[in-house]
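Fit chain B with the ligands to the given chain A structure using the hints.
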Amino acid sequence: MSWLDIGALNDIPQRGARVVKTVHGCVAVFRTGDDQVFATDDRCPHKGGPLSEGIVHGHAVTCPLHNWVFSLETGMAQGADEGAVTTYPARVEGGRILLDAKRLIRGAAA
Amino acid sequence: MKRKLVIIGAGMASGRVLEHLLAGDPDGWDVTLFNAEPRGNYNRIMLSPVLSGEKTYHDIVTHDDDFYAQHKINCRFGEAVVRIDRENKVVYSNEGGAPYDKLLIATGSAPFIIPVPGHDLPGVITYRDMDDTQAMIDASDKPGAKAVVIGGGLLGLEAAAGLKARGMEVAVIHLMGHLMERQLDPAAGYLLQKDLEARGITVHCKGATKAVLGTDRVEAVLLDDGTVYDADQVCMAVGIRPEVRIATDAGLEIGRGITVNDQMVTSDPDILAVGECVEHNAQLFGLVAPLYDQAKVVAATLLNKDAGFQPVQTATKLKVTGVDLFSAGDFADADGREDIVFRDPARGVYKRLVIEDNRLIGAVMYGETGDGSWFFGLIKDGTDISEMRDTLIFGPAYQGGGQTDPLAAVAALPLDAEICGCNGICKGTIVSAIEGGAASLADIKAQTKASASCGTCTGLVEQVLASTLGDAFKMPAAQPMCGCTELTHEDVRRLIKARELKSMPAVMQELGWKTSCGCHVCRPALNFYLLADWPEDYTDDAQSRFVNERNHANIQKDGTYSVVPRMWGGMTNPRELRAVADAADKYDIPAVKVTGGQRIDLLGVKKEHLPHIWADLNAAGLVSGHAYSKGLRTVKTCVGTDFCRFGTQDSTGLGIKLEKRLWGSWTPHKVKLAVSGCPRNCAEATCKDVGIVCVDSGFEIGVGGAAGMDLKEVERLAKVATEQEAIDLTVAFVQLYREHAKHLDRPYKWLAKVGLEWVQAQIVEDLDNRAALIQRFDLSQTIYQRDPWADRATPQASADFAPLADLTKEAAE
Ligand code: SRM
Ligand SMILES: Cc1cc2nc3c(=O)[nH]c(=O)nc-3n(C[C@H](O)[C@H](O)[C@H](O)COP(=O)(O)OP(=O)(O)OC[C@H]3O[C@@H](n4cnc5c(N)ncnc54)[C@H](O)[C@@H]3O)c2cc1C
Ligand code: SF4
Ligand code: FES
Chain A
198 MSWLDIGALN DIPQRGARVV KTVHGCVAVF RTGDDQVFAT DDRCPHKGGP LSEGIVHGHA
258 VTCPLHNWVF SLETGMAQGA DEGAVTTYPA RVEGGRILLD AKRLIRGAAA
Chain B
20 MKRKLVIIGA GMASGRVLEH LLAGDPDGWD VTLFNAEPRG NYNRIMLSPV LSGEKTYHDI
80 VTHDDDFYAQ HKINCRFGEA VVRIDRENKV VYSNEGGAPY DKLLIATGSA PFIIPVPGHD
140 LPGVITYRDM DDTQAMIDAS DKPGAKAVVI GGGLLGLEAA AGLKARGMEV AVIHLMGHLM
200 ERQLDPAAGY LLQKDLEARG ITVHCKGATK AVLGTDRVEA VLLDDGTVYD ADQVCMAVGI
260 RPEVRIATDA GLEIGRGITV NDQMVTSDPD ILAVGECVEH NAQLFGLVAP LYDQAKVVAA
320 TLLNKDAGFQ PVQTATKLKV TGVDLFSAGD FADADGREDI VFRDPARGVY KRLVIEDNRL
380 IGAVMYGETG DGSWFFGLIK DGTDISEMRD TLIFGPAYQG GGQTDPLAAV AALPLDAEIC
440 GCNGICKGTI VSAIEGGAAS LADIKAQTKA SASCGTCTGL VEQVLASTLG DAFKMPAAQP
500 MCGCTELTHE DVRRLIKARE LKSMPAVMQE LGWKTSCGCH VCRPALNFYL LADWPEDYTD
560 DAQSRFVNER NHANIQKDGT YSVVPRMWGG MTNPRELRAV ADAADKYDIP AVKVTGGQRI
620 DLLGVKKEHL PHIWADLNAA GLVSGHAYSK GLRTVKTCVG TDFCRFGTQD STGLGIKLEK
680 RLWGSWTPHK VKLAVSGCPR NCAEATCKDV GIVCVDSGFE IGVGGAAGMD LKEVERLAKV
740 ATEQEAIDLT VAFVQLYREH AKHLDRPYKW LAKVGLEWVQ AQIVEDLDNR AALIQRFDLS
800 QTIYQRDPWA DRATPQASAD FAPLADLTKE AAE
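Read top to bottom, the protein sequences are chains A and B. This note's numbering puts the first residue of the first sequence at 198, with every later residue one more than the last. This note's numbering puts the first residue of the second sequence at 20, with every later residue one more than the last.
The shape of chain A in the complex, shown without the other chains (with noise of 0.2 Å):
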């Protein structure tokens, strides 16, 4: 994997999201309560919510339109409803939010 600094930890509020821009749309990067971070689609399989204005508890997302509530870790939607939102693999290194740069560059391999 080639991971990708993406900025720091502390740019993100706890239990909080911010967005990163890619080709493919927006990327939701969330800070957990124990600081550990996560990355998904910033739209919700429902309908579009952006994910990353949901309140986020233990690893876990609440979609800000409708409630529908996601694993971070997984992506799967929990509870009654069903589907997924595509997650990617994230972490954090001296403080560093990075991300994996495949599948969101351009031009890199998918």
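Any given hint might turn out to be false.
Claimed, not checked - In silico SDA-like pairs for lysine to any residue, Cα to Cα no more than 25 Å straight-line:
| no. | chain 1 | residue 1 | chain 2 | residue 2 |
| --- | --- | --- | --- | --- |
| 1 | B | Lys521 | B | Val247 |
| 2 | B | Lys576 | A | Ala274 |
| 3 | B | Lys828 | A | Arg293 |
The set of hints was computed from the structure by calculation and includes no laboratory data.
Just chain B with the ligands now, with coordinates in the frame of chain A:
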């Protein structure tokens, strides 16, 4: 012939190496030991008891002069090694060289210094060695001396407790939301903070240090939020990084630490490394247990025996006398992991076990840690715990019995805790009534008046019944707030007040939350309850707010936002209209609409444009209309006496006064007002949360109207003669609603529960109470009546609203 071993660093790791090496081959090596510190090896982890005065330096020395003499070790203490000449196999200090056959680097770590202005003033130190400890002890000699510790991790807190024990006034500044966030979850962090505060240590979480102040010496510490703490001594304990400088200069392979293989050999076959300065399989080490394992391997490698280093799990304890905490393994939330949480709020006990695939993988404990090592054993061994899962949390001594009490939160209340706020009834009064024969809610209501008024304490009264009567009382099923708790909204509100819970971790711990950080249902509700009840103490948590309130705009179906500036009482002027028009042009607004609330909506604004459009509108005097908030929305008015031939009073003027008084306040659900100038009611005041209809003889005030999903006509609260009374009653009504209603109940729903008569008794008849409510409302407004747009017209806010990164222009390499 003896071979030459040179060791750089006489610390805990190399000390162990020496012991193993000398035990395995007492005469094989000619050892030279360099140490930057002017002394030999001592037990560094016991510096905290030395600082606090429980031990002396003498007590913690592990290798004394006799030991070094007996083993003929050539000690070069006080000599820092400055260079390694790998080609000729010689290391150099400023006082001369020493040749080696094998070299062991054991330089430990160097503490981080945050490079803020003033970091180099005398009086600013780190906490790493005996000299630092002595400096702190010396500083504490001055009577009334104050210390600031930057960093609320293990080291910082041990320093703080030690300094406090020496009589200093101590403040701990911690960047994160809770103490020791790497070892503890928020619940345990909260208990720890409470314990430290009880000892008189000030704890400031979410505090970013901006500068150390002082002219010749440190005098104070300034934080980003403007807080200043006076300080005679500042201790920075914000972290460590491997001490690799000489290894880097020597061209050894370095990651974050000196890279070693399983045999602890660096990229140079004749150089080994051990301790905190190494990196093994991308991992660093900061506790002694793994270093001791490494030391064994180093000795074996030097003795040409087979051995390999394999890191094992480590557990953490804080060495502060009287503080009991334990943490081991991985306690992050994750899919497929289950939590077992045990809380005993009365004793301040919190235990959390994290289970994955029927194995214990993490444990956090506070207040009672006796079972820590047993749990740690289960983690290390990967024991299958499915058989004992149900009773696991009670520890190894558990032999049946001992159920957790679901009513613990109520049972733990002291007798003088207020249960019924309306009638001022304490738990003791209810318990006496029960002991006197009362056996049902109706009995309690009749005998004590508890829950006979607004009824929000019904659930609590029932729980007092249940905990006092045991099985003799059958609890009616109540609707819990959410999956995180069994308590209802009303119970939680009442307990927040009765037990003076002033933060979210406090609520979750003391009321036994079942999840570690709540969910999207309870967090926004708790955030409101806390800010409404403790405006001065609680800090609003943006991450617990729904997107609209976090971003101060209404999110649209396509992810853009709408922007609605306030138009006081529906009035506007050409300047404001021009500013709205200009903004619509400048930001390419797709739709501009007049709302049903007598103002203008700019729809389809991109998130990153929000701070800019707000700044532009602000410049024309327009502020946020809070069209998105659970708070005051609009005050609709009609033209009133100024223009209308039927107008009886200045309805527009009153509307504007009300809006100016109430704007910015947060409420359980949204609140809308209207003032009509006569009973023709052109402002539709009879279907608002508060609607005032002006008549010749005064003002008719109605409350509890709505025209949304339910159509409700207002109920008549009172008729008053003066405008001032109309304003007072409105403010008091809104505050009563803020203090009592359930989150997301509009006033009409709340009114249906408490009854109009009760509300009238509180604010129409009881003038003292009316005044007190108004006073509390105004106090809250001193904190919350701020234009969120103006607050966010900063470069920082613009950056926060923009994407974190834009990769659309990056190309693959
Ligand atoms: C913009 C506006 C419609 C318009 O174009 O006129 C509007 C738009 C929305 N209304 Fe409304 N309401 C608007 C006036 C009203 C009115 C009329 C009034 O205030 O006189 C009502 C009926 C009166 C009442 O509230 O009792 C009204 C009853 C609702 C309700 C139902 C409330 C209820 O208790 O039943 C909701 C849902 C809710 O709040 O939970 C709602 C919710 C909404 C939301 C916020 C839906 C949402 O959560 O996203 C809409 C936001 C659209 C957007 O993106 O901006 N809107 N809404 C009006 C803004 C008024 C303003 O200037 O602030
Ligand atoms: C106050 C405090 C409390 C602690 N509490 C605990 C605890 O409760 N539990 C736990 O497991 N761990 C604890 N630790 C951590 C533990 O002390 C360290 O993990 C351990 O000391 C690291 O051992 P080391 O040999 O790698 O480094 P050190 O013990 O730091 O030894 C390194 C030595 O090398 C010397 N040195 C550095 N560079 C040079 C050079 N160029 N030339 C010559 N000499 C050099 C240094 O002066 C130092 O004496 C604590 C640490 C501190 C400071
Ligand atoms: S009536 Fe419904 S669709 Fe129309 S603005 Fe209100 S909430 Fe949206
Ligand atoms: S768009 Fe996310 S839940 Fe509907």
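Evaluation of the provided hints:
1. Between Lys521/B and Val247/B, the direct Cα distance comes to roughly 23 Å. Compliance with the 25 Å bound is thereby established for this hinted pair.
2. Among the hinted pairs, Lys576/B with Ala274/A is consistent with the structure: their alpha-carbon atoms are about 20 Å apart, no more than 25 Å.
3. With a C-alpha separation of about 21 Å, the suggested pairing of Lys828/B with Arg293/A holds against the 25 Å cut-off.
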